[in-house]
Amino acid sequence: DARVTQTPRHKVTEMGQEVTMRCQPILGHNTVFWYRQTMMQGLELLAYFRNRAPLDDSGMPKDRFSAEMPDATLATLKIQPSEPRDSAVYFCASGFGQGLYQPQHFGDGTRLSIL
Amino acid sequence: SQQGEEDPQALSIQEGENATMNCSYKTSINNLQWYRQNSGRGLVHLILIRSNEREKHSGRLRVTLDTSKKSSSLLITASRAADTASYFCATLGKTSYDKVIFGPGTSLSVIP
Chain H
158 DARVTQTPRH KVTEMGQEVT MRCQPILGHN TVFWYRQTMM QGLELLAYFR NRAPLDDSGM
218 PKDRFSAEMP DATLATLKIQ PSEPRDSAVY FCASGFGQGL YQPQHFGDGT RLSIL
Chain F
21 SQQGEEDPQA LSIQEGENAT MNCSYKTSIN NLQWYRQNSG RGLVHLILIR SNEREKHSGR
81 LRVTLDTSKK SSSLLITASR AADTASYFCA TLGKTSYDKV IFGPGTSLSV IP
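From first to last, the protein sequence lines stand for chains H and F. Just so we're aligned, residue 158 is where the first sequence starts under our numbering, counting upward by one. Just so we're aligned, residue 21 is where the second sequence starts under our numbering, counting upward by one.
Next up, chain H with everything else stripped away, as it sits in the complex (with noise of 0.2 angstroms):
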């Protein structure tokens, strides 16, 4: 089965450290999702691309957080400097068509934690 793979799986480091997650969405999918997901806050949206476009950045900090597709095969994620509240799961999803009437296929996601 095609999945979604995200790198790293875990990941910890000292605040104030830049974080770079990398995804790799399903070949021949066009649309790529961002989440975050805390306990307290839940499932979030940070970010969508599609066709390698960003559609909707308006869920992501924007003055420590960026994402990127530098090509088909690999999105990114970088929080510079990171914070201790960023410590959550963030997930890559990605997706066909019309991205968010269709289903998305989700990575197993990087779980962050910073000290």
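One or more of the hints may lead you astray.
Below are the PhoX-like pairs computed for lysine-lysine, each with C-alpha atoms no more than 25 angstroms apart in a straight line [stated by the list, open to error]:
no.: 1; chain 1: H; residue 1: K219; chain 2: H; residue 2: K168
no.: 2; chain 1: F; residue 1: K89; chain 2: F; residue 2: K114
no.: 3; chain 1: F; residue 1: K119; chain 2: H; residue 2: K235
no.: 4; chain 1: H; residue 1: K219; chain 2: F; residue 2: K119
no.: 5; chain 1: F; residue 1: K89; chain 2: F; residue 2: K76
no.: 6; chain 1: F; residue 1: K46; chain 2: F; residue 2: K76
To give an idea of the interface, some chain H residues facing chain F are shown, with a C-beta separation under 8 angstroms as derived from the structure [unchecked claim]:
no.: 7; residue: G199
no.: 8; residue: L202
no.: 9; residue: F248
no.: 10; residue: G254
no.: 11; residue: Y258
no.: 12; residue: Q261
no.: 13; residue: H262
no.: 14; residue: F263
no.: 15; residue: G264
Since the hints were made in silico from the structure, they are not lab data. Cβ coordinates follow ideal geometry from the N, Cα and C atoms, glycine included.
We have chain H; now place chain F onto it with these hints.
For chain F alone, kept in the frame of chain H given last:
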């Protein structure tokens, strides 16, 4: 504010019993989706039901949608221990500005 709210927050049943989870939402939707999340894993799509549909089935899963009450239910029949997971409903509004919004989830425990 959250669009979808699942009920109950947690549910514990014996293997073989049926499990019913409900989702209520506030504004008109284009579609509603149900996802499952096993511990430590990503979400897995289960069923998508459009606003003009009332019921859909997939194996042991049955989803209903009542747009007049702004609610949906997910029924898992003949539950198995492997069904232990968190279940989320996700709604998409009707306008072009709307995004898919996930509810807080129902944690289901199926006891062997």
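Hints, one by one, checked against the model:
Restraint check: the Cα-Cα separation between H/K219 and H/K168 comes to about 21 angstroms, which is no more than 25 angstroms; the hinted pair holds. Between F/K89 and F/K114 the CA atoms are separated by roughly 17 angstroms; this keeps the pair inside 25 angstroms, and the hint holds. The hinted pair formed by F/K119 and H/K235 meets the criterion: a straight-line CA distance of about 22 angstroms does not exceed 25 angstroms. For the proposed pair H/K219 and F/K119, the alpha carbon gap of about 19 angstroms is at most 25 angstroms, so the pair holds.
Of the supplied pair hints, the one linking F/K89 and F/K76 holds, its CA atoms being roughly 17 angstroms apart against a limit of 25 angstroms. Under the criterion of a C-alpha separation no larger than 25 angstroms, the hint pairing F/K46 with F/K76 is consistent with the structure, at around 21 angstroms. Hint on H/G199 holds. Least Cβ distance to chain F is approximately 5 angstroms, under the 8 angstroms limit. Annotation: interface hint on H/L202 holds; nearest CB of chain F at approximately 6 angstroms, less than 8 angstroms.
This hint holds: H/F248 has a C-beta 6 angstroms from the nearest C-beta of chain F, less than the 8 angstroms allowed. Annotation: interface hint on H/G254 violated; nearest CB of chain F at approximately 12 angstroms, more than 8 angstroms. Evaluation of the H/Y258 hint against chain F yields a held restraint, the C-beta minimum of about 7 angstroms falling below 8 angstroms. Of the supplied interface hints, the one on H/Q261 holds, with its beta-carbon coming within about 7 angstroms of a beta-carbon of chain F, less than 8 angstroms.
For H/H262, the interface hint holds, the least distance from its beta-carbon to any beta-carbon of chain F being 7 angstroms, beneath 8 angstroms. Checking H/F263 against chain F by beta carbon gives a least distance of about 3 angstroms; that is within 8 angstroms, so the hint holds. With 8 angstroms as the threshold, the beta carbon of H/G264 comes within range of chain F, its nearest partner Cβ sitting at about 5 angstroms, so the hint holds.
Checked against the numbered hints given earlier, the structure breaks only hint 10 and satisfies all the rest.
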